[in-house]
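In the order they appear, the protein sequences are chains A and B. Under full-length UniProt numbering, the letters of the first sequence match residues 1 to 195, in that order. Under full-length UniProt numbering, the letters of the second sequence match residues 1 to 625, in that order.
Hints in this document: simulated from the structure, not taken from any laboratory. Take these hints with a grain of salt, some might be off.
[What the hints assert, rightly or not] Per the computed footprint, the stretches of chain B lying under chain A, defined by three or more beta-carbons under 8 Å from a beta-carbon of chain A, are:
1) 238-245
2) 449-455
[What the hints assert, rightly or not] The calculated lysine to any residue pairs, modelled on SDA-like cross-linking and capped at a C-alpha distance of 25 Å, are:
3) A/Lys-17 with B/His-556
4) A/Lys-20 with B/Thr-213
5) A/Lys-51 with B/Glu-274
6) B/Lys-38 with B/Thr-164
7) A/Lys-54 with B/Val-255
8) A/Lys-20 with B/His-556
9) A/Lys-19 with B/Lys-457
10) A/Lys-19 with B/Ile-28
11) A/Lys-19 with B/Trp-219
12) A/Lys-91 with A/Ile-28
13) B/Lys-457 with B/Gln-538
14) A/Lys-19 with B/Thr-565
15) A/Lys-19 with B/Met-133
16) A/Lys-17 with B/Leu-218
17) A/Lys-51 with B/Met-133
18) A/Lys-19 with B/Glu-274
19) A/Lys-20 with B/Gln-538
Yeah, the Cβ is synthetic: ideal placement off N, Cα and C, and Gly gets one too.
The lines below spell out each chain.
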Amino acid sequence: MEHTDDYTTEELMQSRKAKKFNLWLGMIGMFMMFAALSSGFIVYTAGGVDKGIKTILPNTFIYSTIVIVFSSLTLHLGYRATKLEQLGKQKLFLLLTIVLGVVFFVLQVDAWSVLVSRDITFINNNASQSFIYVFTGMHLAHIIAGLIVLVRCLWGAMKPIPFPDNQFRMNLATIFWHFLDLLWIYIYVFLLLNQ
Amino acid sequence: MSSTVISHGAAHHDAHDHHQETFLTKYIFSQDHKMIAKQFLITGIVMAVFAMLLSILFRIQLAWPDTDFPILEVFLGKWAEGGRIKPEFFLSLVTIHGTMMVFFVLTAGLSGTFSNLLIPYQLGARDMASPLMNMLSYWFFFTACVIMVASFFVESGPASAGWTIYPPLSSVPTSIPGSGLGMTLWLISMTLFIASQVLGGVNYISTVLNMRTKGMDLWKMPLTIWAFFLTAIVGLLSFPVLVSAVVLLFFDRSVGTSFYLSDLVVQGEILPNEGGSPILFQHLFWFLGHPEVYIVVMPALGLTSEIISTNSRKPIFGYHAMVYSLVGITVLSFIVWGHHMFVTGMNPFLGGVFMITTLIIAVPSAVKAFNYIATLWRGNIRFTPAMMFAIGMVSFFVSGGLTGLYLGNAALDINLHDTYFVVAHFHLVMGSASIFGMLAGVYHWYPKMFGRMMDTKLGYLHFWLTFIGAYLVFFPMHFMGIDGVPRRYYTFTAFPFMDKWISVNLLITWAAIIAGLAQVAFLWNFFASIWKGKKATQNPWNSNTLEWTTPVEHIHGNWPGEIPTVYRWPYDYSKPGHDTDFIPQTVPFSETMSSNLPHDFEGNEEAIRIQNEWNKENNREIIEG
Chain A
1 MEHTDDYTTE ELMQSRKAKK FNLWLGMIGM FMMFAALSSG FIVYTAGGVD
51 KGIKTILPNT FIYSTIVIVF SSLTLHLGYR ATKLEQLGKQ KLFLLLTIVL
101 GVVFFVLQVD AWSVLVSRDI TFINNNASQS FIYVFTGMHL AHIIAGLIVL
151 VRCLWGAMKP IPFPDNQFRM NLATIFWHFL DLLWIYIYVF LLLNQ
Chain B
1 MSSTVISHGA AHHDAHDHHQ ETFLTKYIFS QDHKMIAKQF LITGIVMAVF
51 AMLLSILFRI QLAWPDTDFP ILEVFLGKWA EGGRIKPEFF LSLVTIHGTM
101 MVFFVLTAGL SGTFSNLLIP YQLGARDMAS PLMNMLSYWF FFTACVIMVA
151 SFFVESGPAS AGWTIYPPLS SVPTSIPGSG LGMTLWLISM TLFIASQVLG
201 GVNYISTVLN MRTKGMDLWK MPLTIWAFFL TAIVGLLSFP VLVSAVVLLF
251 FDRSVGTSFY LSDLVVQGEI LPNEGGSPIL FQHLFWFLGH PEVYIVVMPA
301 LGLTSEIIST NSRKPIFGYH AMVYSLVGIT VLSFIVWGHH MFVTGMNPFL
351 GGVFMITTLI IAVPSAVKAF NYIATLWRGN IRFTPAMMFA IGMVSFFVSG
401 GLTGLYLGNA ALDINLHDTY FVVAHFHLVM GSASIFGMLA GVYHWYPKMF
451 GRMMDTKLGY LHFWLTFIGA YLVFFPMHFM GIDGVPRRYY TFTAFPFMDK
501 WISVNLLITW AAIIAGLAQV AFLWNFFASI WKGKKATQNP WNSNTLEWTT
551 PVEHIHGNWP GEIPTVYRWP YDYSKPGHDT DFIPQTVPFS ETMSSNLPHD
601 FEGNEEAIRI QNEWNKENNR EIIEG
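With the sequences and hints as input, model every part of the structure.
What follows is the structure, encoded as structure tokens:
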């Protein structure tokens, strides 16, 4: 069936703009979730002198922060390559970003084991310490979603899908990944200020 | 931005996604906003009937606490052994009744239906910003419904900690039967539901801001759209907070953390959890929970505005004030949650702050109520069933809203908290008001949804029985509450001071049963009219808004040709000087020279000049005042 007159180019542009806006709204929603956890943490920790993180956060978090900032950089370069229609470069940087994403994931889990070795476990009568796991765990759940998005971009670039689709997809993925990066920095700073 | 560069090939590619319709893509996994709206509505109606039957069951227990009804055992088995509902099951009934009504019927059934139907239609869009997300939104909702209903089939029964699922009842699986698997299913169901609402809400906001047709600036949007838009914003900001609360609750239940738990002895056994705070849950819950009641009532207010104006054949009184009061309610909804927690040992100063913010909500609410009355005043009123329900909505909103002033007062709330006064208050102001708004919407937009009309006589029968029934059910509860009768109590005969209220309970239960039976009139009318109703004309209510410019037969993309352009606001009803009593939004001012007023041109001097010349030539005098 041919329905070429269904959507004009203008309407498609409008719909893309709206979809991108959806992403921004979604990020607001995600941020609200972490804002709720933050305020939950503050209310809980203010509940008594025996509450609070009461430890120095593992150094692994510093490394993971460096890794995720670096991954934002590589994705940025990948997006630039996409805009210049350099498919090979785009794939390379995407792959690099995905690898860095996985490294970030591994480092976060490693930080958990450091905490456990200090007897700071998830099941804990000082729930301020449990909150560290909740913050990082919920963030990692979003990282998984981010990785899926990146793999989908890579898949699109391998096929390859038409240039405008590829670019739109990369654009959204880049925004989302930068958001996850900033979200982690927010969480890290929040925890540092409360340690 | 370069990301908006689009080749023609890509335009084709995207446009083709929606075609080659099969039964599955048209009726089941549809991405069309009109079909999704109908899916939300019908699922919402099914859930409403289910939740209503639950309420009839617990009303039977409340009216006849010492009587056996063997038939109950036939249907409910061990939950009603010997023909009497068990206390544990009674708690499940009130819990699931509340959950389903608040979330599945009045949130998803109301916003899901009418936001999906009207946002693209009234704004002049082909569809939602993301039809895929829209479809997912429905299917998440549907799965949530299935899981919630499924919890009736687990051995320990459905959740029974109340719709607010306060810990520790909700977070210690061994505390009561309903805290077991039923509670887990409740949490899974609600998580899916929240995903559904966020997906839907994101779409609504984005569509309103990005997909309006030419000429449709924000101040030309119908009040329905304003209400859906602000509702979606409230949902987007508050539902994720409930996710956080539920995640922590899940960890407390299933992993053994102590976010909410402390110092507990359950069935002689000391729990290891220490240091948690159940009040923390209440804060997180009510940060969603209070905005949620506005999520429920604001769409109903929006629908009512549109219906009252159309059927009074008058412009809505105070359009801007209506919008600003919705904005006011939106903002205030986030800073009042503490009024649910006055008796939790809250710092009295903090209680005072929450009291003030709460009482301020009376201002925008009163603005709306008065504007409705002013719109009706001297209108050329057409009492269609939709109009009856819309007026009923205002009635409930006022009579339920007034008691909010009592409950919002921290000192009075010490007495009234957790009594039937609260039950009466919220069932009128958000329960009955919202369901009446929703029903008004169903009667009004039915021709748009199904291309046929509903039966008017059955509509009136449905209205009067429901209207009187709802007042008979909820009004007497105020007096019980003032007497200190607590809500959620299983048997009134067990407490001498509550004994005297059994006769009132009897009245309430009979009223509930009759009002429940009245819904059969609606269900018959609704489902039979899909096939047998009178064929609808394109614009059966002589309405101004864009949805009535689409063909009666639903087509993909809504308008066969170009999307119409909008020139004026949606409330030009009975404009002096015009030959009909309505001027659709698509009619340019150049075609209505005999009725234009200077303020129509918003300071466009050239247009005013042309109008003035025309006025002179045609001896038209405008007396401003």
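Does the alpha-carbon distance linking A/Lys-19 and B/Glu-274 stay inside the 25 Å limit? Given pair A/Lys-19, B/Glu-274 is violated - Cα atoms ~46 Å apart, limit 25 Å.
With a cut-off of 25 Å on the C-alpha distance, tell me whether A/Lys-19 and B/Trp-219 pass. The hint holds at about 23 Å.
Hint check: A/Lys-19 vs B/Met-133, CA-CA at most 25 Å. Holds or violated? With Cα atoms ~10 Å apart, A/Lys-19 and B/Met-133 stay inside 25 Å; holds.
Can the restraint linking A/Lys-20 and B/Thr-213 be considered satisfied, given a maximum Cα separation of 25 Å? Judged against 25 Å, a Cα distance of about 19 Å means the pair holds.
So if I understand the rule, the pair passes when the alpha-carbon distance is 25 Å or less; does B/Lys-38 with B/Thr-164 pass? 29 Å, violated
Are the Cα positions of A/Lys-17 and B/His-556 separated by 25 Å at most? 21 Å, holds
Restraint status (C-alpha distance of A/Lys-51 to B/Glu-274 at most 25 Å): 11 Å, holds
Closer than 8 Å, Cβ to Cβ, for at least three residues: run that test on the stretch 449-455 of chain B against chain A and report holds or violated. That given contact is violated, which follows from only 0 residues of the stretch 449-455 of chain B lying within Cβ reach (below 8 Å) of chain A.
Report holds or violated for chain A covering the stretch 238-245 of chain B, Cβ cut-off 8 Å, minimum 3 residues. holds (count 7)
With a cut-off of 25 Å on the C-alpha distance, tell me whether A/Lys-20 and B/Gln-538 pass. 35 Å, violated
Given the hinted pair A/Lys-20 and B/His-556, is their Cα-Cα distance within 25 Å? It holds: about 23 Å lies between the C-alpha atoms, which stays within 25 Å.
Keeping to a limit of 25 Å between CA atoms, is the pair of A/Lys-91 and A/Ile-28 held or broken? Violated, because 29 Å separates the two Cα atoms, which is more than 25 Å.
In the structure shown, a violation is registered for the earlier hints numbered 2, 6, 9, 12, 17, 18 and 19, in ascending order.
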